[in-house]
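Protein chains: 2
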Amino acid sequence: MVIPDSQAQAAATGQDTRFDRRFSEILDYATEVFAEKGYEGASMRDLSRLSGISLAGLYYYFDSKEKLLYLIQKHTFTTIIDRLRERLATSSDPEERIRIFVHNHVDYAVAKQKAMKVLSHEDDVLKNGYGTELAAIKREYYKICVGLVDGLAQAENLSRLGRRASGKNGIATRTAVMGLFGMMNWLYTWYKPRIDPDAEAIASQVSDIFLRGVRGEETSNGRSAPRKSTLADPATGKRARKRS
Amino acid sequence: MVIPDSQAQAAATGQDTRFDRRFSEILDYATEVFAEKGYEGASMRDLSRLSGISLAGLYYYFDSKEKLLYLIQKHTFTTIIDRLRERLATSSDPEERIRIFVHNHVDYAVAKQKAMKVLSHEDDVLKNGYGTELAAIKREYYKICVGLVDGLAQAENLSRLGRRASGKNGIATRTAVMGLFGMMNWLYTWYKPRIDPDAEAIASQVSDIFLRGVRGEETSNGRSAPRKSTLADPATGKRARKRS
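Chains A and B are the protein sequences, given in the same order. As numbered in our numbering, residues -8 to 235 make up the first sequence, in order. As numbered in our numbering, residues -8 to 235 make up the second sequence, in order.
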């Protein structure tokens, strides 16, 4: 059985009151409604129907739909970041630390696909106070990952990976980190627990692709360095250019 | 100036009628409305307001909101696949073919971020006939990519990459291909034309990460093969297990 995180947290701190359990339960239902109908399409009435809790009851716990989305997102990010910090404390090896990061994220993404869908889809919905607070949490999470990648680049002297690298044979840290987030965050669209490998295997494969990818040892067994793309536009014969 | 694809297409085939232009224009507006409010949250009335076309006028072109979403998705996928086939015809080199695939996809993703957002978010909305037809197109696209990856694995004898590979030091083709789609499809969430490298550079970096990643030459310069993750649950000291 899965124990909802907020319950587990509350239990751990001795705050497992009836209120907390109810609160956590409603967040789970709300995640389901938002994942199903989208934030814009979902209503407090839908949530009331699914959860069996009266509208008045819902408003007792939450003032608004906006607050609900804020709490879901905040809960998800803080859970992921808290677990990550605990796990990172166990290793100082740069490769291992990146593997820990990936494992921690994939673990959550695979266990909570609906929450990940809501996070991805409603990423830019919240404005003002809530939006600013969440943006800061996301920036913190992004920076942790950039720090880990910088740590690897420094430890292994990866000259082609860096903040300013781009284009010819270089990989920009931002592209690498966002690429990694893409690999992990896309999981909710395709991962099927019954047919796909478990979270540990997926995390290991994603880590392998990422680590080999940013290390860039493509010349080591006699293969040529990656060629600059020579894609030509079939219509004009000219090299493809960025459309704007 | 960007010429909408359907217009360009129509112009190329001499079908650039007033009807076609209007049709293509409405699809662009609809993409904007869906990207902004989500499919569930958007209404034909919103589209009417944004486009300045009367509701009656909209229904003259499209019977329903569902039909609009179907046409946006179908148009996007067929444009991407048609361009891809043309471009793939220019090369038989397995690495180059994968670079072509990535470049073609990234090119579109960067130029049409709103369309990519709608595709990602409303992926599972359409049911029955429309849904079945789109699922078939997406399967075709996925299979092209799997074919390219299989082609590379065969040509270079990449024994650890394959349909059944998993877990220990192996990479499953499905994980690799979905990871690649993740890197490319996540672009709409972060890519900023003004500060990030152009589509060609992004495509080149994503290709590099992917190609090095699946080739897996991590033992070639004396680094050890990727260790099996030894993540422990900080609470219990036990190895992390898949939550279910």
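Derived by calculation from the structure, the hints in this document are not laboratory data. Treat the hints with caution; some may be incorrect.
Stated by the list, open to error - Derived list of chain A stretches under chain B, where covered just means 3 residues or more per stretch with a C-beta under 8 Å from a C-beta of chain B:
#1 30 to 44
#2 49 to 58
#3 105 to 118
Said to hold, decoys possible - Cross-link-like lysine-lysine pairs, in silico, BS3-like; alpha carbons within 30 Å at most:
#4 B/Lys134 with A/Lys58
#5 A/Lys58 with B/Lys65
#6 B/Lys129 with A/Lys65
#7 B/Lys65 with A/Lys65
#8 A/Lys28 with B/Lys118
#9 B/Lys129 with A/Lys56
#10 B/Lys105 with A/Lys129
#11 A/Lys129 with B/Lys28
#12 B/Lys118 with A/Lys105
#13 A/Lys129 with B/Lys56
#14 A/Lys56 with B/Lys134
#15 A/Lys129 with B/Lys65
#16 B/Lys28 with A/Lys118
#17 A/Lys28 with B/Lys56
#18 A/Lys134 with B/Lys183
#19 A/Lys28 with B/Lys58
#20 B/Lys129 with A/Lys58
#21 A/Lys134 with B/Lys58
#22 B/Lys65 with A/Lys183
#23 A/Lys118 with B/Lys134
#24 B/Lys58 with A/Lys65
#25 B/Lys134 with A/Lys183
#26 B/Lys129 with A/Lys183
#27 B/Lys129 with A/Lys105
#28 A/Lys105 with B/Lys65
#29 B/Lys134 with A/Lys65
#30 A/Lys134 with B/Lys129
#31 B/Lys129 with A/Lys118
#32 B/Lys105 with A/Lys134
#33 A/Lys58 with B/Lys58
#34 A/Lys105 with B/Lys183
#35 A/Lys129 with B/Lys134
No residue lacks a Cβ here, since even glycine has one placed at the ideal position from N, Cα and C.
Status of each hint after checking the structure:
{"no.": "1", "hint": "30 to 44", "verdict": "holds (count 4)"}
{"no.": "2", "hint": "49 to 58", "verdict": "violated (count 0)"}
{"no.": "3", "hint": "105 to 118", "verdict": "holds (count 3)"}
{"no.": "4", "hint": "B/Lys134 with A/Lys58", "verdict": "42 Å, violated"}
{"no.": "5", "hint": "A/Lys58 with B/Lys65", "verdict": "36 Å, violated"}
{"no.": "6", "hint": "B/Lys129 with A/Lys65", "verdict": "33 Å, violated"}
{"no.": "7", "hint": "B/Lys65 with A/Lys65", "verdict": "36 Å, violated"}
{"no.": "8", "hint": "A/Lys28 with B/Lys118", "verdict": "14 Å, holds"}
{"no.": "9", "hint": "B/Lys129 with A/Lys56", "verdict": "34 Å, violated"}
{"no.": "10", "hint": "B/Lys105 with A/Lys129", "verdict": "22 Å, holds"}
{"no.": "11", "hint": "A/Lys129 with B/Lys28", "verdict": "22 Å, holds"}
{"no.": "12", "hint": "B/Lys118 with A/Lys105", "verdict": "20 Å, holds"}
{"no.": "13", "hint": "A/Lys129 with B/Lys56", "verdict": "34 Å, violated"}
{"no.": "14", "hint": "A/Lys56 with B/Lys134", "verdict": "40 Å, violated"}
{"no.": "15", "hint": "A/Lys129 with B/Lys65", "verdict": "33 Å, violated"}
{"no.": "16", "hint": "B/Lys28 with A/Lys118", "verdict": "14 Å, holds"}
{"no.": "17", "hint": "A/Lys28 with B/Lys56", "verdict": "15 Å, holds"}
{"no.": "18", "hint": "A/Lys134 with B/Lys183", "verdict": "18 Å, holds"}
{"no.": "19", "hint": "A/Lys28 with B/Lys58", "verdict": "18 Å, holds"}
{"no.": "20", "hint": "B/Lys129 with A/Lys58", "verdict": "36 Å, violated"}
{"no.": "21", "hint": "A/Lys134 with B/Lys58", "verdict": "42 Å, violated"}
{"no.": "22", "hint": "B/Lys65 with A/Lys183", "verdict": "25 Å, holds"}
{"no.": "23", "hint": "A/Lys118 with B/Lys134", "verdict": "40 Å, violated"}
{"no.": "24", "hint": "B/Lys58 with A/Lys65", "verdict": "36 Å, violated"}
{"no.": "25", "hint": "B/Lys134 with A/Lys183", "verdict": "18 Å, holds"}
{"no.": "26", "hint": "B/Lys129 with A/Lys183", "verdict": "17 Å, holds"}
{"no.": "27", "hint": "B/Lys129 with A/Lys105", "verdict": "22 Å, holds"}
{"no.": "28", "hint": "A/Lys105 with B/Lys65", "verdict": "26 Å, holds"}
{"no.": "29", "hint": "B/Lys134 with A/Lys65", "verdict": "37 Å, violated"}
{"no.": "30", "hint": "A/Lys134 with B/Lys129", "verdict": "34 Å, violated"}
{"no.": "31", "hint": "B/Lys129 with A/Lys118", "verdict": "34 Å, violated"}
{"no.": "32", "hint": "B/Lys105 with A/Lys134", "verdict": "26 Å, holds"}
{"no.": "33", "hint": "A/Lys58 with B/Lys58", "verdict": "33 Å, violated"}
{"no.": "34", "hint": "A/Lys105 with B/Lys183", "verdict": "27 Å, holds"}
{"no.": "35", "hint": "A/Lys129 with B/Lys134", "verdict": "34 Å, violated"}
The structure fails to meet hints 2, 4, 5, 6, 7, 9, 13, 14, 15, 20, 21, 23, 24, 29, 30, 31, 33 and 35 from the earlier list, while all remaining hints are met.
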